[in-house]
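My request is simple: use the sequences and hints to build the entire structure.
Each protein sequence line maps, in turn, to chains A and B.
For the first sequence, the residue numbers in the numbering used here are 30 to 196.
For the second sequence, the residue numbers in the numbering used here are 31 to 474.
Simulated from the structure, these hints should not be mistaken for laboratory data.
Careful: at least some of the hints might be erroneous.
Unchecked claim - The list that follows gives simulated cross-link-like pairs (lysine-lysine, DSS-like), each with its CA atoms no further than 30 Å apart:
hint: 1; chain 1: B; residue 1: K116; chain 2: A; residue 2: K147
hint: 2; chain 1: B; residue 1: K474; chain 2: A; residue 2: K31
hint: 3; chain 1: A; residue 1: K65; chain 2: B; residue 2: K110
hint: 4; chain 1: A; residue 1: K44; chain 2: A; residue 2: K106
hint: 5; chain 1: A; residue 1: K106; chain 2: B; residue 2: K97
hint: 6; chain 1: B; residue 1: K441; chain 2: A; residue 2: K106
hint: 7; chain 1: B; residue 1: K452; chain 2: A; residue 2: K147
hint: 8; chain 1: B; residue 1: K404; chain 2: A; residue 2: K106
hint: 9; chain 1: B; residue 1: K157; chain 2: B; residue 2: K404
hint: 10; chain 1: A; residue 1: K106; chain 2: A; residue 2: K58
hint: 11; chain 1: B; residue 1: K471; chain 2: A; residue 2: K106
hint: 12; chain 1: B; residue 1: K88; chain 2: A; residue 2: K147
hint: 13; chain 1: A; residue 1: K31; chain 2: B; residue 2: K339
hint: 14; chain 1: B; residue 1: K404; chain 2: A; residue 2: K136
hint: 15; chain 1: B; residue 1: K81; chain 2: A; residue 2: K65
hint: 16; chain 1: A; residue 1: K136; chain 2: B; residue 2: K145
hint: 17; chain 1: A; residue 1: K147; chain 2: A; residue 2: K31
hint: 18; chain 1: A; residue 1: K106; chain 2: B; residue 2: K316
hint: 19; chain 1: A; residue 1: K147; chain 2: B; residue 2: K110
hint: 20; chain 1: B; residue 1: K88; chain 2: A; residue 2: K136
hint: 21; chain 1: B; residue 1: K116; chain 2: A; residue 2: K136
hint: 22; chain 1: A; residue 1: K136; chain 2: B; residue 2: K110
hint: 23; chain 1: B; residue 1: K452; chain 2: B; residue 2: K110
hint: 24; chain 1: A; residue 1: K147; chain 2: B; residue 2: K270
hint: 25; chain 1: A; residue 1: K147; chain 2: B; residue 2: K404
hint: 26; chain 1: A; residue 1: K136; chain 2: B; residue 2: K317
hint: 27; chain 1: B; residue 1: K253; chain 2: B; residue 2: K429
hint: 28; chain 1: B; residue 1: K145; chain 2: A; residue 2: K44
hint: 29; chain 1: B; residue 1: K429; chain 2: A; residue 2: K136
hint: 30; chain 1: B; residue 1: K339; chain 2: B; residue 2: K253
hint: 31; chain 1: B; residue 1: K116; chain 2: B; residue 2: K51
hint: 32; chain 1: B; residue 1: K339; chain 2: B; residue 2: K145
hint: 33; chain 1: B; residue 1: K270; chain 2: A; residue 2: K106
hint: 34; chain 1: B; residue 1: K317; chain 2: B; residue 2: K429
hint: 35; chain 1: B; residue 1: K450; chain 2: B; residue 2: K97
hint: 36; chain 1: B; residue 1: K81; chain 2: B; residue 2: K116
hint: 37; chain 1: A; residue 1: K136; chain 2: B; residue 2: K270
hint: 38; chain 1: A; residue 1: K44; chain 2: B; residue 2: K88
hint: 39; chain 1: B; residue 1: K474; chain 2: B; residue 2: K441
hint: 40; chain 1: B; residue 1: K474; chain 2: A; residue 2: K136
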Amino acid sequence: MKKVYAREEYCLGCKLCEVYCVTSHSESKDVVKAHKMEEITPRVIVESTGEVSFALQCRHCDDAPCTKACITGALQKDPETGIVGYNQEKCVGCWTCIMTCPYGAIKRDEYGRSIISKCDLCIETGEPVCVVNCPNNALVFIDLAEKQGEGVEEQDKLVKEQGGCRD
Amino acid sequence: MNYVIIGNSAAGIGAVEGIRKYDQQGKITIIADEPYHTYSRPLISYYLAGKVNQEQMKFRPDDFYEKNRVETILGKRAVKIDQSSKTVSLEDGQQIGFDKLLLATGGKPFIPPIKGSEMENILTFIKMDDVRAIAERLETAGVKDCQGREDYPEKERTVVTGHDQLRPVKAVILGAGLIGLKAAEALVKLGVKVTVVELADRVLSTILDHEAAALVQSHLEDKGISFELEDTIEEFIGEKAVRKVRLKSGFVINCDLAIVAVGVRPKVNLVEGTGIEINRGILVNKKMETNIEDIYAAGDVAEGYDMLKGTAGVIPIWPNAYNQGLTAGENMTGADKTYEEGFARNSIGFFGLPMITAGIINPEGDEYEILVDKAVEDNTYRKVVLRDDKIVGFIYLNKVDRAGILTGLIKEQQDIGDIKEKILADDFGYLTFSEEWRRAKLWK
Chain A
30 MKKVYAREEY
40 CLGCKLCEVY
50 CVTSHSESKD
60 VVKAHKMEEI
70 TPRVIVESTG
80 EVSFALQCRH
90 CDDAPCTKAC
100 ITGALQKDPE
110 TGIVGYNQEK
120 CVGCWTCIMT
130 CPYGAIKRDE
140 YGRSIISKCD
150 LCIETGEPVC
160 VVNCPNNALV
170 FIDLAEKQGE
180 GVEEQDKLVK
190 EQGGCRD
Chain B
31 MNYVIIGNSA
41 AGIGAVEGIR
51 KYDQQGKITI
61 IADEPYHTYS
71 RPLISYYLAG
81 KVNQEQMKFR
91 PDDFYEKNRV
101 ETILGKRAVK
111 IDQSSKTVSL
121 EDGQQIGFDK
131 LLLATGGKPF
141 IPPIKGSEME
151 NILTFIKMDD
161 VRAIAERLET
171 AGVKDCQGRE
181 DYPEKERTVV
191 TGHDQLRPVK
201 AVILGAGLIG
211 LKAAEALVKL
221 GVKVTVVELA
231 DRVLSTILDH
241 EAAALVQSHL
251 EDKGISFELE
261 DTIEEFIGEK
271 AVRKVRLKSG
281 FVINCDLAIV
291 AVGVRPKVNL
301 VEGTGIEINR
311 GILVNKKMET
321 NIEDIYAAGD
331 VAEGYDMLKG
341 TAGVIPIWPN
351 AYNQGLTAGE
361 NMTGADKTYE
371 EGFARNSIGF
381 FGLPMITAGI
391 INPEGDEYEI
401 LVDKAVEDNT
411 YRKVVLRDDK
421 IVGFIYLNKV
431 DRAGILTGLI
441 KEQQDIGDIK
451 EKILADDFGY
461 LTFSEEWRRA
471 KLWK
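What follows is the structure, given as structure tokens:
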């Protein structure tokens with residue numbers, strides 16, 4: 030399946046991916062209103078050391094351990110799309126998924142509600158807004174599966190082709 | 031193929047999903063003594079407190095059985111297994127044949143032999159009917175609407191005594207483990223005055239160390255729970271219903287109901303005398319097979335493999351049950367899967383104070399190294415336990431974010447010697463590791 034991959038050598042750590050994520054998942058779809066009036070937790074995590082940075086989203090794992098640990102059934106992997114979906118209505122905020130996700134890609138709601146925040150690959154818009162709006166093309170949305178086993182160099186080439194690197 | 035599953039909770043449902051990954055045709059029958067659509071037992075405290083309703087308790091959607099073509103026999107107890115004729119007998123005499131059988135009967139609360147423990151308002155707290163029984167007792171005592179409500183009162187509940195004086199509704203809970211404290215939290219939210227009696231010298235002794243337990247205890251005391259530690263109930267006093275308890279220390283506490291939550295044991299009575307091997311639970315290998323061909327066990331009834339202890343062990347937690355059930359289901363179809371990631375881990379919280387703990391958290395011996403980061407003033411405490419530079423356990427109290435990275439490192443028994451001084455840093459994450467490691471994890 031197509032997933033989001035981060036090219037950390039191109040990431041500036043500007044966190045625009047967070048801004049677009051919040052806006053896209055808001056009611057108003059307005060960048061100011063989304064951040065000032067709606068309480069929305071970004072579904073992407075930006076790790077940064079100052080020197081290196083990259084954005085991390087749910088990996089939509091094949092075996093999806095969070096879905097096997099979820100006590101409510103709120104997290105389910107869609108067998109058709111491969112997307113690990115989240116039903117907020119079912120979630121009670123037990124954080125068992127946070128205990129389980131080996132990437133640390135699931136966040137607690139930043140506004141104290143008993144819900145989580147995780148990437149849905151922007152199923153509603155079709156293409157992840159973090160990828161579309163990354164100013165340095167540090168995020169790419171590609172299907173790596175068919176290139177598996179072809180080595181790091183091949184993957185790099187694929188990323189350069191599909192990522193449309195500007196430099 | 032004819033699959034029969036006894037049990038309708040995490041392991042049983044996991045098995046259905048495991049079977050259907052490989053076999054769309056075979057017949058699946060689920061037998062369970064509870065009459066309900068599959069529901070999440072860990073949610074019973076939320077249900078009691080009115081934070082979720084019966085609909086939200088459902089672990090899978092209404093059409094789950096239909097979609098997976100599962101025949102259900104709910105509300106009937108399986109009473110006998112005959113391995114030579116490959117049949118399960120139900121309490122009404124009906125016999126169900128099987129080609130492959132999964133035992134996913136779960137656990138049952140252990141009731142220690144205490145004088146008076148047969149009284150009607152001494153209850154346990156592991157399943158739906160327990161909530162109903164508690165709700166019934168609370169109603170009798172004056173708490174009117176304690177289950178399935180959307181909002182719960184924060185104020186103290188009272189009942190009118192014989193002298194027209196108001197007094198709080200009171201509950202005594204024996205056991206300060208996960209179940210006892212979740213029951214205590216729900217009752218406090220309903221306005222009940224709760225005292226927890228615990229034999230150990232701290233709360234949550236199986237998942238916390240002394241330091242973390244002290245923080246959690248004082249948080250719970252702030253919320254109104256009283257504790258009697260290093261003490262136990264010696265007698266329940268009353269006629270038909272318990273009215274007070276006498277502790278070993280001689281202390282006497284009045285109560286309108288009592289909950290016994292000292293532990294859960296594998297529910298093995300169905301297999302006793304069958305030749306299926308039992309130690310504490312039903313012994314299974316990494317494929318979830320018992321010693322009898324075509325009979326599998328999974329979940330809280332099973333004694334599988336504990337990867338951190340390197341021995342067999344009962345690990346009665348939800349993710350373990352689901353994964354064991356899934357593995358059993360897959361293997362029942364003829365697949366060749368193992369589940370080797372069994373170890374204790376829990377994510378739980380009380381009154382907004384979350385904690386995630388896993389593996390060995392109270393190590394004894396020179397081979398362990400302990401790293402700690404704490405800020406007592408904001409209830410934050412984190413501890414990581416290493417053995418040969420590999421993580422074998424951790425406690426994350428209050429600051430629980432990204433705990434799964436550590437759980438993953440435990441599963442993989444990854445050597446983290448070169449980064450161990452950064453593991454408790456605020457910015458700990460994938461950038462803490464080498465680019466090569468990160469790339470291997472993320473680019474797949």
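Worksheet item: Within a Cα-Cα threshold of 30 Å, do B/K471 and A/K106 meet the stated pairing?
Response: With a Cα-Cα distance of about 20 Å, the restraint between B/K471 and A/K106 holds, given a limit of 30 Å.
Worksheet item: Is the hinted pair B/K270 and A/K106 satisfied, with a Cα-Cα distance of at most 30 Å?
Response: violated (51 Å)
Worksheet item: Is it true that the CA of B/K404 sits at most 30 Å from the CA of A/K136?
Response: holds (21 Å)
Item to complete: Please work out if A/K136 and B/K110 have their alpha carbons no farther apart than 30 Å.
Response: violated (46 Å)
Worksheet item: Holds or violated: B/K452 with B/K110, Cα cutoff 30 Å?
Response: Measuring from Cα to Cα gives roughly 55 Å; hence the hint is violated.
Worksheet item: Keeping to a limit of 30 Å between CA atoms, is the pair of A/K147 and B/K270 held or broken?
Response: violated (52 Å)
Discussion item. Check whether the Cα positions of A/K44 and B/K88 lie no farther apart than 30 Å.
Written reply: violated (38 Å)
Worksheet item: If you draw a straight line from the CA of B/K116 to the CA of A/K147, is it 30 Å or shorter?
Response: Since the Cα atoms of B/K116 and A/K147 sit roughly 46 Å apart, the hinted pair is violated (cutoff 30 Å).
Worksheet item: Is the straight-line distance between the alpha-carbon of A/K147 and that of A/K31 30 Å or less?
Response: Distance ~17 Å between A/K147 and A/K31 Cα, so the pair holds.
Worksheet item: Between A/K147 and B/K110, does the CA-CA distance stay at or below 30 Å?
Response: violated (46 Å)
Practice prompt. With a cut-off of 30 Å on the C-alpha distance, tell me whether B/K157 and B/K404 pass.
Written response: Distance ~36 Å between B/K157 and B/K404 Cα, so the pair is violated.
Discussion item. What's the verdict on A/K106 and B/K316, does the C-alpha distance respect the 30 Å limit or exceed it?
Written reply: The given pair, whose Cα atoms are some 25 Å apart, holds under the 30 Å limit.
Consistency note: the structure conflicts with the earlier hints numbered 1, 3, 8, 9, 13, 16, 19, 21, 22, 23, 24, 26, 28, 30, 32, 33, 34, 35, 36, 37, 38.
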